[in-house]
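S.K.: Here is how the chains run, residue by residue.
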Amino acid sequence: MEKKLPTIEIIEKYCKGCHICVEFCPKQVLEMRGFVVAVKDLEACIKCMQCELRCPDFAIKVTA
Amino acid sequence: MAKKVAFLQGNEAAAHGALYAGCKFFGGYPITPSTEVAEVMSAELPKVGGKFIQMEDEIGAMAALIGASLTGTKVLTSTSGPGLSLKQENIGYACITEVPCVIFNVMRGGPSTGMPTGPSQSDVMCAKWGTHGDHPAICLVPASVQEVFEETVRAFNLAEKYRTPVMIMPDEIVAHMRERIVFPEPGELEVIDRTGPSVPPEQYKPYDTSFGDIPPLAAFGSGYKFHVTGLNKMQDGFPTTKAEIVQAEEERQVRKVEANKADIMKWEEYLVDDAEIVVVAFGSTSRSARFAVDEARKAGIKAGLFRLITFWPFPEERLLELSKKVKAFISPEMNLGMCAGVIKGCIEGNAPVLGIFRVDGEPVNPGQILDKMKEVK
Amino acid sequence: MSFDYDKWIRPGKLPHIWCPGCGHGIVMKGLIRALDTLQLKKENTAIVSGIGCASRLPGYMDCCTLHTAHGRAAAFATGVKMARPDMNVILCGGDGDGTAIGGNHFIHACRRNIDMTYIIMNNKIYGMTGGQFSPCTPTGDKASTTPYGNPDPGFDIAKLAIGAGASFVARGTAFHANQIDKLIAEAIQHKGFSVVEILDDCPTTYGRRNKYKSVIEMMNKLKEIAVPVKAAEKMDPEQLKGKVLTGVLYKEDKPEYCEQYQKVIERAQGAAK
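Which chain is which? The protein sequence lines are A, B and C, in order. Following our numbering, the numbering of the first sequence begins with 5 at its first residue and continues without gaps. Following our numbering, the numbering of the second sequence begins with 198 at its first residue and continues without gaps. Following our numbering, the numbering of the third sequence begins with 1240 at its first residue and continues without gaps.
Rather than coming from a laboratory, the hints here were simulated on the basis of the structure. Among the clues, some could well be false.
[As the list claims (entries may be wrong)] Footprint (simulated), chain B over chain C, 3 or more residues, beta carbon under 8 Å: (1) 1301 to 1312; (2) 1323 to 1335; (3) 1420 to 1428; (4) 1494 to 1506.
Note that beta-carbon positions come from the ideal geometry of N, C-alpha and C, so glycine has one too.
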């Protein structure tokens, strides 16, 4: 059965590269690429929304 | 029907003048010799559904005033020298944010605590340069109880019309002296309300100069959302450091008063037309001066009185004109030459300015002025 | 589902000015969720601040916003609320702004119990001016003006607010992001002066001087020291050493200032008749 993947939208011009989302993601979905965050492993996402909640910069939107 | 007549102090007249103008909010802090204004407002404002608040300090009083004014309310505070020093921070805020408010400051001895019950006229420069930065200044200096009432109404009109703080500064003598006052009927004196926005909320900008130098001011809570900041700002109210915008906005703010001086300035000339000696005076000192001028005329001295009712903006052009035909100006004042300095600054050295400066808590008396006239050759 | 913060933010105002990892953005998101939950009307909501990093928050919010002078938010806001008691008035700012230069206005707003909500972002430092110690910097800590360690004892903002008469006092942290909106919403709903202290982080000017290797370390510290009020009840003083209580710390029903003034109006008008 095919798993329905969420959408993780990164607004790069808002991201200041603080690492908070990367660090507090329980499934290591995100990683830093240069100064901004990027999705490394979307399949691992459990839609807990921690990254969106904690991002101080309004730079992440997770749509289930 | 006969008009209502009363026997009032200048301070009480200020409170009644404010109510006549439609003031609905007073924020203050007790300070001698202006406290009676707060006392009358605390009794009278709630009767008309207005709000009186005694704040924790002078700074807070000025801040509350601006907050209340932003809801579209006409606002007043009263204070005296040390309180005026504290209020300067937020007077500057009201200047840059262009929020109407009226500050009634009774001039007592200074600097610092000085002489709390002694009269003075030494806050006039503080009215113009007290807060930092370039900004417009309007300061009214009434000389009688009746005039305190009328000039307080005018102070509200100027504040609302030009979106700026307006100071009204009687000396302690005018503030505490009791005189007969005839209350104007409603409608007898002009009462001006601020201009509200004519555009819908989504098009509104709080500093929209397409409406001229004095942009309409919307009220918080009236459906208009906007930003107010003490930072240099753009027309939409948001901060900027763009050189050309900051320059233009600062110049416009000062121009609001400079370009409308004719509307704001008020003075009275008494026997000035043929005068060889012109006494320039304001507040209670002008009453001594008028007596001295009358005495001088009896003695054959061609003296006249130029009584300032608006101190800022200062009637530079008229004094320059007079300076070309008089032998001397005399500037009696309860400070060490503040007004004399301003006169000198605008008459291009055309005539000497003789000063009578008292800072001992005593009024300048007519005899001193007469003696000074006799020194003029 | 993604939360739509954009509908509360003024178009074109992001990115905000705060440094990477600064918790102010997390607090702002909490405030937005609270306003959204309560369905407050933007046009009827005033957000008032003083000066400092945290005081830049109102500029981003699509409401009636007032960015005032240093420390004066509570006094300006009192004027707004007195003149228009029907408006929702929310204050925000930092610890230096609110408890040093604004300390007098703060305690008197508490005392009057005027119906406003004050969100204090406590990062224990003056960030905007480059990291000078504030009244909330712990003794011994480093700041740009305490190069040998801070000799001053710090304020406990919540105790200060309770002592001064605030009728609702809560504390959260920037780490406990999902609690912030709930605390703020409850504070706004409370009739009276409510204070919500959010323990925040300033990685740029505080963390770096006080041996925090990263933002993450600062966030984990907040996680480590926070103890919910309920949990603390079952802990002994030894276990609570170095901890900070979070949640609703104090709540009391008492007369609200604007309502009290309304009675003054009624008395004055009754006397006039």
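S.K.: Confirm or reject each hint.
M.R.: Tested hints:
no.: 1; hint: 1301 to 1312; verdict: holds (count 9)
no.: 2; hint: 1323 to 1335; verdict: holds (count 3)
no.: 3; hint: 1420 to 1428; verdict: violated (count 0)
no.: 4; hint: 1494 to 1506; verdict: holds (count 4)
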